[in-house]
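Work out the full structure: start from the sequences and follow the hints.
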Amino acid sequence: EAQVTQNPRYLITVTGKKLTVTCSQNMNHEYMSWYRQDPGLGLRQIYYSMNVEVTDKGDVPEGYKVSRKEKRNFPLILESPSPNQTSLYFCASSLLGSGEKLFFGSGTQLSVL
Amino acid sequence: AQSVTQPDIHITVSEGASLELRCNYSYGATPYLFWYVQSPGQGLQLLLKYFSGDTLVQGIKGFEAEFKRSQSSFNLRKPSVHWSDAAEYFCAVGAGQTGANNLFFGTGTRLTVIP
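Protein sequence lines, in the order shown, are assigned to chains A and B. The working numbering applies: residue 1 is where the first sequence begins, and numbers increase by one. The working numbering applies: residue 1 is where the second sequence begins, and numbers increase by one.
Bear in mind the hints are in silico, worked out from the structure with no lab data behind them. Be aware that a few hints might be false.
Once the Cα atoms are required to be at most 30 Å apart in a straight line, the calculated DSBU-like pairs of lysine-lysine come out as [unchecked claim]:
id, chain 1, residue 1, chain 2, residue 2
1, A, K71, B, K49
2, B, K49, B, K68
3, A, K71, A, K57
4, A, K57, A, K101
5, A, K17, A, K65
6, A, K71, A, K18
7, B, K49, A, K57
8, A, K101, B, K49
9, A, K69, A, K57
10, A, K57, A, K17
11, A, K18, A, K57
12, B, K61, B, K49
13, A, K101, B, K61
14, A, K65, A, K18
15, B, K68, A, K101
For each label pair, taking beta carbons as the anchor points, the in silico distance ranges come out as [claimed, not checked]:
id, chain 1, residue 1, chain 2, residue 2, range
16, A, M27, B, L56, 25 to 31 Å
17, B, P79, A, K17, 46 to 52 Å
18, B, S14, A, K17, 46 to 52 Å
19, A, V54, B, A29, 34 to 40 Å
20, B, S52, A, M27, 23 to 29 Å
21, B, G16, A, T13, 42 to 48 Å
The C-beta atom is built at its ideal place from N, Cα and C for all residues, glycine as well.
Have a look at this one:
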C-alpha cells in the first residue's frame, strides 16, 4: 500500500531535549516536505527536499533541521525544542513536478513542556 | 508572493443541503490550485486540483470547484452534503516554478454537518 509513515504519532517532551520525528515513504517520490499545523494558521511549510541531499527552507524553518540521506526517508530534527514548537506536524511526499498530488502522513502531535 | 485566503473559519450546514466553501488567492500568474480535506485525526487528502483548461473541475466524493480568474477565486461546492463530509477543508496554491511542488495553504474552513 502506498503510504507516508510518520513516527511517533504522539510525543511529549521537555524543553531542550533533542528529538527526531521520522518520515518514510514507499512510493519512490523525489519530493518530500514537512509542515506544521497550528489553529488559525493552517499548514506552514518547515523544510522541503527535491531529492537526496537536496533540502531547502520553507516558511518557518527556525529551530528545525532535516536531512535526506536516502530517497525514502526525511527525518525532522528538533535540536533544542521549545514550547512554541508544540504543534501538529505532517510529512508529505510527491513526484517531482508542478501540481503533483501530495501524499500526507497521519501526523505527529508534539507537546513541548 | 502567493497567498490564500479562506474567509470562513467555520461553516455549519444541514445534511442534504448544498455547500460552498470560499477560497481567494493572490498570485501573479495562473496558479496551480488545490483543495485538500482533513478528517479528524488524519492527514490531508486531495479532493481536486486545477491547472488549466476547463474552469470547472470535478473531484472525489462529489465535490467540484470553479476557477474564476477575474475574482481570483477557487470556491469548492457540493450539491448535497453528507454527514461524512464533516472535516476541515484547505485551499492551497502552488507557484509552478522552482520548488513547484511547494504549496501555500489557507487557514482552513471547518465544516460541521447537522442531521
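Quick rundown of the hints versus the structure:
1. K71(A) to K49(B): This hinted pair holds, its Cα atoms lying about 26 Å apart.
2. K49(B) to K68(B): 14 Å, holds
3. K71(A) to K57(A): Distance of about 18 Å is within 30 Å: holds.
4. K57(A) to K101(A): 20 Å, holds
5. K17(A) to K65(A): 14 Å, holds
6. K71(A) to K18(A): 24 Å, holds
7. K49(B) to K57(A): 25 Å, holds
8. K101(A) to K49(B): 9 Å, holds
9. K69(A) to K57(A): 17 Å, holds
10. K57(A) to K17(A): The hint holds at about 23 Å.
11. K18(A) to K57(A): Satisfied, since the Cα-Cα distance of roughly 20 Å is no more than 30 Å.
12. K61(B) to K49(B): This hinted pair holds, its Cα atoms lying about 14 Å apart.
13. K101(A) to K61(B): With Cα atoms ~17 Å apart, K101(A) and K61(B) stay inside 30 Å; holds.
14. K65(A) to K18(A): Status holds; Cα separation ~11 Å.
15. K68(B) to K101(A): Since the Cα atoms of K68(B) and K101(A) sit roughly 22 Å apart, the hinted pair holds (cutoff 30 Å).
16. M27(A) to L56(B): 25 to 31 Å: Holds, at about 30 Å.
17. P79(B) to K17(A): 46 to 52 Å: 51 Å, holds
18. S14(B) to K17(A): 46 to 52 Å: 48 Å, holds
19. V54(A) to A29(B): 34 to 40 Å: Distance hint for V54(A), A29(B) is violated at roughly 25 Å.
20. S52(B) to M27(A): 23 to 29 Å: 25 Å Cβ-Cβ, so the 23 to 29 Å window holds.
21. G16(B) to T13(A): 42 to 48 Å: The hinted range 42 to 48 Å holds for G16(B) and T13(A), with Cβ atoms some 45 Å apart.
The structure fails hint 19 only (numbered hints given earlier).
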